[in-house]
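> Each chain, letter by letter, is given below.
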Amino acid sequence: MQNMHIRLAARNLGRQPHRTLALGGAVAFSALVMSLIAGFVNGMDAAVQNNVTLYAGGHVQISGYTVSWSGRSQNRASGSEVLDLVRQVVPDVRSATTLVQTRATMVFGSRELQMTVRGIDWKEDQLYRTILILKEGNWDSAAISRPMVLSAQSVKRFGLALGDEVLVRMSTASGQQNVTEYRVVAIYDETAAGGLHAAFVRAEDLRADLNMKEHEWQSVAVFLGDGAQAPSGASILKRAMERQGLKLDGQSRTGAVAGSVSYRIATVQELAGEVGSALGAIRWIGYAVFALMLAVCATGIANSFRMVLLERTREIGMLRCIGFKKKDVFASFLSEGVLLAGGAALAGIVASIPLGLLLSLIPFDPHGDFGAALVKGHLLFMPSLVQMLIVLVCVTIAAILTVVMPARRAAAIAPADALRVTA
Amino acid sequence: MTIKGDGVAIRRFGAHSSLAGKVSLILFAAVLVFAARAQGTPPAGTPPAGTPPQGGGLPPGFMESLKDYKFPDDISKFTGLDFLMLVRRTDIRSSFYKSDMTATITTVSVSPDRGTFVRKEQIYRRDKDDAFLMITLEPESRKGQGMLRVSNNMWRYDPTSRKFTHTTLKDTYENSTVRNNDFRRWQRSLDYTVESLTTGKLGKYDVIIGELKANNDEVPFPRIRMYIEKQRMIVLKVEEFSLSGKLLRTAYYTEYVQIGDSYVPTVQIFQDGLIPEKRSQVTYTNISTQPVPDYIFTKEYLERMSQ
Chain Y
131 MQNMHIRLAA RNLGRQPHRT LALGGAVAFS ALVMSLIAGF VNGMDAAVQN
181 NVTLYAGGHV QISGYTVSWS GRSQNRASGS EVLDLVRQVV PDVRSATTLV
231 QTRATMVFGS RELQMTVRGI DWKEDQLYRT ILILKEGNWD SAAISRPMVL
281 SAQSVKRFGL ALGDEVLVRM STASGQQNVT EYRVVAIYDE TAAGGLHAAF
331 VRAEDLRADL NMKEHEWQSV AVFLGDGAQA PSGASILKRA MERQGLKLDG
381 QSRTGAVAGS VSYRIATVQE LAGEVGSALG AIRWIGYAVF ALMLAVCATG
431 IANSFRMVLL ERTREIGMLR CIGFKKKDVF ASFLSEGVLL AGGAALAGIV
481 ASIPLGLLLS LIPFDPHGDF GAALVKGHLL FMPSLVQMLI VLVCVTIAAI
531 LTVVMPARRA AAIAPADALR VTA
Chain E
-19 MTIKGDGVAI RRFGAHSSLA GKVSLILFAA VLVFAARAQG TPPAGTPPAG
31 TPPQGGGLPP GFMESLKDYK FPDDISKFTG LDFLMLVRRT DIRSSFYKSD
81 MTATITTVSV SPDRGTFVRK EQIYRRDKDD AFLMITLEPE SRKGQGMLRV
131 SNNMWRYDPT SRKFTHTTLK DTYENSTVRN NDFRRWQRSL DYTVESLTTG
181 KLGKYDVIIG ELKANNDEVP FPRIRMYIEK QRMIVLKVEE FSLSGKLLRT
231 AYYTEYVQIG DSYVPTVQIF QDGLIPEKRS QVTYTNISTQ PVPDYIFTKE
281 YLERMSQ
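Note that the protein sequences, when read in sequence, are chains Y and E. In case it helps, my numbering puts the first sequence at residues 131 to 553. In case it helps, my numbering puts the second sequence at residues -19 to 287.
These aren't lab readings, by the way, just hints derived from the structure by calculation. Treat the hints with caution; some may be incorrect.
[Said to hold, decoys possible] Using C-beta positions, here's what the derived DEER-type ranges look like:
1. E:49 - Y:199: 27 to 33 Å
2. Y:362 - E:143: 31 to 37 Å
3. Y:254 - E:213: 56 to 62 Å
4. E:238 - Y:199: 35 to 41 Å
5. Y:534 - E:143: 23 to 29 Å
6. Y:394 - E:239: 46 to 52 Å
7. E:56 - Y:394: 20 to 26 Å
8. E:287 - Y:418: 37 to 43 Å
9. Y:417 - E:84: 54 to 60 Å
10. E:155 - Y:495: 22 to 28 Å
11. E:181 - Y:311: 31 to 37 Å
12. E:283 - Y:418: 36 to 42 Å
13. E:195 - Y:253: 35 to 41 Å
14. E:186 - Y:311: 34 to 40 Å
From the three backbone atoms N, C-alpha and C, an ideal C-beta is built for every residue, glycine too.
Next up, chain Y with everything else stripped away, as it sits in the complex:
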């Protein structure tokens, strides 16, 4: 019997192809928009985390602060205790390295620009060599003294070319002013790195510029196999550090003696907080659009089925006369609604995948407000099966709820009255 209801519903949908197409199209469009929004918000979320990871230099960062002779806290620490602990206790560590970096002012001619200068292991580093796409020059500049890799935008702003020398003004770890020179050996495409603008130099050069000793570092950068595990990894590390008696920020530093060291742990999720809140707004807009689309779907379906009821009153009467029960009429109406809405929603969801991938090919300005939410200057489309199922279920439930009323009215029609009215 159930099979018959579905076949009847399918036949009824085929009887009015234009109307079915129009209504199905509206539902499919709504489902498509919902799926696109969900996919792009997921993509922006992932892009923000990836880009912030790049900016920060890792999923988890442990910064070291040493109390100086005057009682001031300086961003420097030494030894391998923290690095060893990270490797021992944090699960799924892809790489853990010490990092030196500073905010500096680059000076070329009469122009100056503030940017982050990051010291990396020139020979061993694989992370930045893999991520950064070089437009000009190369990393293999062993013969060149004090090499620097700059973003294309910085190079353009300064009017620089490969081989040019730039001055870098910075404060040493203890706060003294220092100015040194670097030579541009490569230019990377910042659009391919989510708008990253850091300048990369040899760690040993920057360490010397910051007046730090060979074994000193400012932070330990930890890359995990799965960035989502950063908060749990950080809390495991925090507990381990506390067990080892290492001081963490938040602990009382009253009476800190010169030479004592404390650490601060930050995760990419914390660092992405600000951009994340902007994404939160987008997510809420997405939910609002979702609700609006659902309401549009429901209204369309309800109106269509009211018309269907008027058109088919005589037919319903005849069906009742040949043995159709009330529940059969109700079930056939409901099946028609579910078939139409479910099928259209499925079509919309499926269509959203190629469309989303096509839209993700559109280039955007990586230096704009949402530069951090882009990947290589493009929006990332990351559809999720769960979200697609939610869209499908929601549209189907909305269809059922809106078809229930016309179906009940159709089932309630007395066969003789139906035949008399339409005769």
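Add chain E to chain Y, keeping to what the hints say.
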């Protein structure tokens, strides 16, 4: 019995009187505290009003050591110690240790990137405590912004957000060639030691040129070169160098005004060493040495004045 009874009565009266007196004293003290707070109390760590000068971190004998110091008549005979004492004299003479100082500061900054920018500020200085407060008067868009230094703490105040943010003496002032440190009293003789000396001429003036090296790694400029005019014992020019030895900034003190025992450099020009087109001129006017109330050097006052 009567006497005893009276005695008890008298003792009890005496006890009541003593308690009432203590309560009155406490109430009076509380009233005083609230009255003082109503005018704006100094922030935590600030010495209470009436506390003798703490010297603002000056070592003992900083002022007294110069009293009987005899400088050589011939500038070619100056030793490192002589020059350091000369620097100390310029430190003391450009500052106001015996009184407070109030002035209007006009800063004109020129930069190839940002063009010309003019600011006018009111400054209150208490050099004996190494404290100062600065409130922006012009331009209108920055009016009410301020900077406060008390007890080695320094804050910047933004009236729009109504928030204080920590800043340091090393920070540059509004991205110009002026540093926060330039508004403070001079104390180069404490931070540097003399490495070498020469003599020369700066314009028409005979000067002693001293190469000084920072005696700790937290002084912003590891090396400076000072040009001091022997006759008036005033600083005419200071070149400041980076750790790598590059010239970072040159300060010119082109005009001085004598106020009491002090010689105030009223026109100061700061030229960037890396971008010579970037420079600033700081001019002091309306200088007064009238005492400044304690509540001026408080966050509350800065907030109130910014409204």
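> Holds or violated: the 31 to 37 Å window for the beta-carbon distance between residue 181 of chain E and residue 311 of chain Y?
Given range 31 to 37 Å: holds, Cβ gap about 33 Å.
> For the pair residue 534 of chain Y and residue 143 of chain E, does the Cβ-Cβ distance stay inside 23 to 29 Å?
This hint is violated: roughly 56 Å between Cβ atoms.
> Falls inside 56 to 62 Å, the C-beta gap from residue 254 of chain Y to residue 213 of chain E?
At roughly 58 Å between Cβ atoms, residue 213 of chain E and residue 254 of chain Y fall inside 56 to 62 Å, so the hint holds.
> Does the Cβ-Cβ separation between residue 287 of chain E and residue 418 of chain Y fall within 37 to 43 Å?
Because 39 Å falls inside the window, the suggested range holds.
> So the hint says 34 to 40 Å: do the beta-carbon atoms of residue 186 of chain E and residue 311 of chain Y match that?
Since residue 186 of chain E and residue 311 of chain Y have Cβ atoms about 37 Å apart, the given range 34 to 40 Å holds.
> Evaluate the given range 46 to 52 Å for the C-beta pair formed by residue 394 of chain Y and residue 239 of chain E.
Given about 48 Å between the Cβ atoms, the range holds.
> Is it true that residue 417 of chain Y and residue 84 of chain E lie within 54 to 60 Å of each other by Cβ?
56 Å, holds
> Does the hinted range 36 to 42 Å hold for residue 283 of chain E and residue 418 of chain Y at CB?
40 Å, holds
> The hint says 20 to 26 Å between residue 56 of chain E and residue 394 of chain Y; measuring C-beta to C-beta, is that right?
Once the Cβ atoms are compared, 55 Å apart, the range 20 to 26 Å for residue 394 of chain Y and residue 56 of chain E is violated.
> For the range 22 to 28 Å, tell me whether the beta carbons of residue 155 of chain E and residue 495 of chain Y fit it or not.
Taking Cβ atoms as reference, residue 155 of chain E and residue 495 of chain Y lie about 26 Å apart, which means the hint holds.
> Taking the CB of residue 49 of chain E and the CB of residue 199 of chain Y, does the distance hold inside 27 to 33 Å?
29 Å, holds
> Within 35 to 41 Å or not, the Cβ separation of residue 195 of chain E and residue 253 of chain Y?
Because 39 Å falls inside the window, the suggested range holds.
Of the hints listed earlier, those the structure fails to meet are numbers 5, 7, in rising order.
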